[in-house]
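Protein chains in written order, with the working numbering: chain D, 58 to 267; chain R, 58 to 267.
Treat the hints loosely; a few may be bogus.
[Claimed, not checked] Covered stretches of chain R (in silico footprint by chain D; criterion: 3 or more residues with CB under 8 Å from a CB of chain D, positions within the stretch not fixed):
1) 66 to 72
2) 141 to 150
3) 168 to 182
4) 211 to 221
5) 225 to 232
6) 240 to 250
Source of the hints: derived by calculation from the structure; they are not laboratory data. All C-beta atoms, glycine included, are put in the ideal place defined by N, C-alpha and C.
2 protein chains.
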Amino acid sequence: MDNKQISKAVIKRLPRYYRYLGELMQDGVERISSNELSEKMKVTASQIRQDLNNFGGFGQQGYGYNVSFLYNEIAKILGIDKQHNLIIIGAGNLGQAIANYTNFERRGFMIKGMFDVNPRLIGMTVRGIEIYPVEQLERFIKENDVQIAALTIPKERAEEMAEKLVSYGVKAIWNFAHTDLNLPSDVVVENVHLSESLMRLSYKVSNMKK
Amino acid sequence: MDNKQISKAVIKRLPRYYRYLGELMQDGVERISSNELSEKMKVTASQIRQDLNNFGGFGQQGYGYNVSFLYNEIAKILGIDKQHNLIIIGAGNLGQAIANYTNFERRGFMIKGMFDVNPRLIGMTVRGIEIYPVEQLERFIKENDVQIAALTIPKERAEEMAEKLVSYGVKAIWNFAHTDLNLPSDVVVENVHLSESLMRLSYKVSNMKK
Numbered sequence: 058m059d060n061k062q063i064s065k066a067v068i069k070r071l072p073r074y075y076r077y078l079g080e081l082m083q084d085g086v087e088r089i090s091s092n093e094l095s096e097k098m099k100v101t102a103s104q105i106r107q108d109l110n111n112f113g114g115f116g117q118q119g120y121g122y123n124v125s126f127l128y129n130e131i132a133k134i135l136g137i138d139k140q141h142n143l144i145i146i147g148a149g150n151l152g153q154a155i156a157n158y159t160n161f162e163r164r165g166f167m168i169k170g171m172f173d174v175n176p177r178l179i180g181m182t183v184r185g186i187e188i189y190p191v192e193q194l195e196r197f198i199k200e201n202d203v204q205i206a207a208l209t210i211p212k213e214r215a216e217e218m219a220e221k222l223v224s225y226g227v228k229a230i231w232n233f234a235h236t237d238l239n240l241p242s243d244v245v246v247e248n249v250h251l252s253e254s255l256m257r258l259s260y261k262v263s264n265m266k267k
Numbered sequence: 058m059d060n061k062q063i064s065k066a067v068i069k070r071l072p073r074y075y076r077y078l079g080e081l082m083q084d085g086v087e088r089i090s091s092n093e094l095s096e097k098m099k100v101t102a103s104q105i106r107q108d109l110n111n112f113g114g115f116g117q118q119g120y121g122y123n124v125s126f127l128y129n130e131i132a133k134i135l136g137i138d139k140q141h142n143l144i145i146i147g148a149g150n151l152g153q154a155i156a157n158y159t160n161f162e163r164r165g166f167m168i169k170g171m172f173d174v175n176p177r178l179i180g181m182t183v184r185g186i187e188i189y190p191v192e193q194l195e196r197f198i199k200e201n202d203v204q205i206a207a208l209t210i211p212k213e214r215a216e217e218m219a220e221k222l223v224s225y226g227v228k229a230i231w232n233f234a235h236t237d238l239n240l241p242s243d244v245v246v247e248n249v250h251l252s253e254s255l256m257r258l259s260y261k262v263s264n265m266k267k
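Based on the provided sequences and hints, a complete structural model is requested.
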């Protein structure tokens with residue numbers, strides 16, 4: 058199977074399929090039809106069939122989808138069947154909130170350490186994850202094979218820090234700073250811009266009332 | 058101007074225009090051409106012209122866009138020219154991180170209070186915002202004209218809490234719980250699913266390496 062053929066829109070929807078399939082497995086469901094899945098996910102059955110047909114031969118007429126098989130295939134496509142080492146830059150509330158998500162580890166994202174410039178935070182731990190000074194970043198990234206850095210620092214310092222991280226070998230930035238990072242094209246950036254999410258919500262509320 | 062005519066895709070991009078225009082204003086820039094804006098935002102100039110033409114007559118040939126006018130018009134469309142009262146359900150790290158964002162207030166989102174079930178947190182404040190017991194939710198929502206609730210509680214309790222909030226008069230849920238909420242169609246839901254964001258990042262990293 059060639060991942061390259063799968064459209065961006067489908068990829069965007071895969072994590073949601075993955076979540077529903079995981080919940081079905083927890084409930085002991087072994088197989089499910091596109092109609093049943095459609096009802097649960099509030100997506101049309103034809104959309105589901107189209108999306109999942111991308112992976113070829115998972116569904117069978119009269120049988121439906123094998124839940125755990127599909128779950129594992131989607132994990133492979135998303136690359137979460139392998140371990141990814143992650144660090145968190147910025148040990149404030151948001152950084153600590155991320156460190157506290159045990160779910161990420163279940164999906165193969167191992168949080169190796171947190172980093173901060175505030176000397177009062179250095180040496181503290183969050184759920185066993187230690188906070189280190191930023192001066193140790195370069196060595197730490199190399200010694201721990203860190204691929205992903207979550208950036209939860211103010212936007213003023215985000216770009217400079219991201220460039221440093223990339224020069225130390227980080228391949229992907231999970232960017233919570235409210236700015237766009239201009240990085241080399243072989244660096245992956247996934248933005249979480251909370252202000253923009255809140256503005257979209259505001260738009261929907263404002264247009265609801267009319 | 059009828060907001061209804063603006064496509065969803067354009068609305069999704071508006072917060073980003075808003076952010077760049079705000080930064081230009083801070084830098085004292087009064088007008089900008091679509092070409093200059095294009096270079097800054099890494100979007101084609103024709104995309105910018107198409108998007109902004111939706112609002113009619115903002116740009117003028119040979120003059121460009123009036124930055125503050127456009128900024129204010131976008132604010133109106135997004136509904137952030139008015140005040141929205143917001144509460145945070147769940148005073149853990151993520152709830153506290155949200156309470157600490159001063160940016161939200163500058164955009165008209167006033168955080169009126171936080172709520173938690175943990176008795177040890179009750180009465181504490183985060184940046185002057187008090188944490189109240191959930192028993193006071195109904196009265197608080199009515200007395201403070203609360204429209205928006207940020208939901209930063211575990212997914213197991215999210216749906217039940219969301220239904221309560223709606224019954225108390227909340228019109229919009231900013232949902233950080235990793236589950237889909239099934240609410241009446243006149244309730245606005247904006248999801249921030251961090252796990253899914255991280256999986257999309259994982260997908261991009263996995264496909265980068267090949």
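Results for each hint:
Counting residues of the region 66 to 72 of chain R whose CB lies closer than 8 Å to any CB of chain D gives 4, which reaches the minimum of 3, so the coverage claim holds. Here the region 141 to 150 of chain R counts 3 residues with a CB under 8 Å from a CB of chain D, which clears the bar of 3, and the coverage holds. With a cut-off of 8 Å between beta carbons, the region 168 to 182 of chain R has 0 residues touching chain D; three or more are needed, and the interface restraint is violated. Given a C-beta distance limit of less than 8 Å, the hint that chain D covers the region 211 to 221 of chain R is violated, as 0 residues qualify and 3 are needed.
Counting residues of the region 225 to 232 of chain R whose C-beta lies closer than 8 Å to any C-beta of chain D gives 3; at least three are required, and the coverage claim holds. Figure legend: the region 240 to 250 of chain R, annotated as covered by chain D; annotation consistent (5 residues with Cβ-Cβ distances under 8 Å, at least 3 required).
In summary, the structure is inconsistent with hints 3, 4 from the numbered list given earlier, while agreeing with the others.
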